[in-house]
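Below are the chains, spelled out letter by letter.
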Amino acid sequence: GDSVTQMEGPVTLSEEAFLTINCTYTATGYPSLFWYVQYPGEGLQLLLKATKADDKGSNKGFEATYRKETTSFHLEKGSVQVSDSAVYFCALSDRNGNQFYFGTGTSLTVIP
Amino acid sequence: KAGVTQTPRYLIKTRGQQVTLSCSPISGHRSVSWYQQTPGQGLQFLFEYFSETQRNKGNFPGRFSGRQFSNSRSEMNVSTLELGDSALYLCASSTNTGLNGEQFFGPGTRLTVL
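These protein sequences, in sequence, are chains P and V. Take the first sequence: its letters are residues 1379 to 1490, numbered as in the working numbering. Take the second sequence: its letters are residues 17 to 130, numbered as in the working numbering.
Chain V on its own, in the form it takes in the complex (with noise of 0.2 Å):
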């Protein structure tokens, strides 16, 4: 079974700007959570989408937002970039709802803000 990818592995953008980031679940996981990892604040979770419905969101400003379509592919978007907002975001998926259960993470997207 093909693990969680994430698309593209790196992308550099500018202050202002606004970025879109995709997650594809391993097949038959219905549940993505998004966490930006930074060496400042490590490991952050930011929100948690199962059957294309925000079931739970972490302590992220309202420029972080995602959504999730109905083969369970979830997009995160960032607007007006700041430059703390370069980070590791990991994608994650998982069997149901909740994070109290086993979660399988992808290999992340760089972002560098300039």
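Chain P with its partners taken away, still in its complex shape (with noise of 0.2 Å):
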């Protein structure tokens, strides 16, 4: 079946450190793929997301490219903030809509 395979945390980062968070995926076709992001004390929430590949989805400086050809879709950022400091969730969804599968996301902490 399909499934996501997210780097183990925690990750510790200095303020304007970059930022990589791997995640690669095992579909059958073409699956959508997300990052979702949980700050402290919040509920979940979309980061960003792309629905076929070589798109690359982008939001508060976050990047992140479907590559088909290495079934990933790593989470990136040039310069991250003590404010990044979340947890972080690669999904896909299956390539008909009706699955959905959560890696097991990735605790950032972004020190000043």
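These are computed hints drawn from the structure, not numbers from a lab. Be aware that one or more of the hints could be misleading.
Think about it this way: if two alpha-carbon atoms lie no more than 25 Å apart in a straight line, the pair counts; the simulated DMTMM-like pairs of lysine to aspartate or glutamate are [claimed, not checked]: (1) V/Lys73 with P/Asp1380; (2) V/Lys17 with P/Glu1420; (3) P/Lys1434 with P/Glu1454; (4) P/Lys1438 with V/Glu118; (5) P/Lys1455 with P/Glu1393; (6) P/Lys1446 with V/Glu118; (7) P/Lys1455 with V/Glu118.
From chain V, some residues computed to sit far from chain P (all C-beta separations above 12 Å) [to be verified]: (8) Leu62; (9) Asp101; (10) Thr128.
Keep in mind it's a predicted model, so treat the numbers as computed, not measured. Glycine included, every Cβ here is placed at the ideal spot set by N, Cα and C.
Assemble the dimeric complex from its two separately framed chains, guided by the hints.
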């Protein structure tokens, strides 16, 4: 079946450091790919998404590119801020939009 | 616009009991999905309802069921509770059926089974 494998955390970075959180997937056909974020004390919210190969999702300085050849959707940000401290979840919906799978989540702490 | 609301926020039950959780979607959203979050299994999809019909279902036993009302509000029921059902149950709403669009999540109901 379809699945998502996400980089284990926790990750601790200094402010203005470069962030990469790795995410790879297994799926039949072309799933839709997502990054959701959960800030402390808040609910899950969509950060960005991509629905077809080579699409790049971007939001709030974060980017992720849908790579079919490597079945990956890595999250990147060039310069993290303390306010980016949160738990990040990679996720996919299958090609028909019938099932949804989350990765295990990666906790990010950014220190000043 | 008000967000997704879930009630109750916290619940304590004992093994063998049943429980009903409620979710009110964002106004205008007709799809409601449910997820279970546990430390061991992470976030897992339970089911999705759209226009009062279950459209999609995850890999959970029949003890987990749900329904949706004509105003799009949804309830989830778990019968014969087991210790392993202790979890945070999240509800999410979206405008259309299918799970490939943006989902808006509620704060969750924390269920503890003793």
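Can you confirm whether the C-alpha distance between V/Lys73 and P/Asp1380 stays at or below 25 Å?
Distance ~14 Å between V/Lys73 and P/Asp1380 Cα, so the pair holds.
Hint consistency between P/Lys1446 and V/Glu118 [alpha-carbon to alpha-carbon, up to 25 Å]
Cα-Cα ~21 Å, so holds.
Is the Cα-Cα distance between P/Lys1455 and P/Glu1393 25 Å or less?
holds (11 Å)
Per the stated criterion, does the least C-beta distance between V/Leu62 and chain P lie above 12 Å, as a non-interface residue requires?
Non-interface label on V/Leu62 violated, nearest chain P Cβ at 10 Å vs cutoff 12 Å.
Hint consistency between P/Lys1438 and V/Glu118 [alpha-carbon to alpha-carbon, up to 25 Å]:
holds (16 Å)
Has the given pair, P/Lys1455 with V/Glu118, been kept, meaning a C-alpha gap of at most 25 Å?
Cα-Cα ~21 Å, so holds.
If you draw a straight line from the CA of P/Lys1434 to the CA of P/Glu1454, is it 25 Å or shorter?
Holds, at about 11 Å.
Beyond 12 Å from chain P, beta-carbon-wise, is V/Asp101?
The assertion about V/Asp101 holds, with a minimum of 19 Å to chain P.
Between V/Lys17 and P/Glu1420, is the straight-line Cα distance small enough, at 25 Å or below?
holds (17 Å)
Does the claim that V/Thr128 lies outside the interface with chain P hold up, using a Cβ gap greater than 12 Å?
holds (20 Å)
The structure fails to meet hint 8 from the earlier list, while all remaining hints are met.
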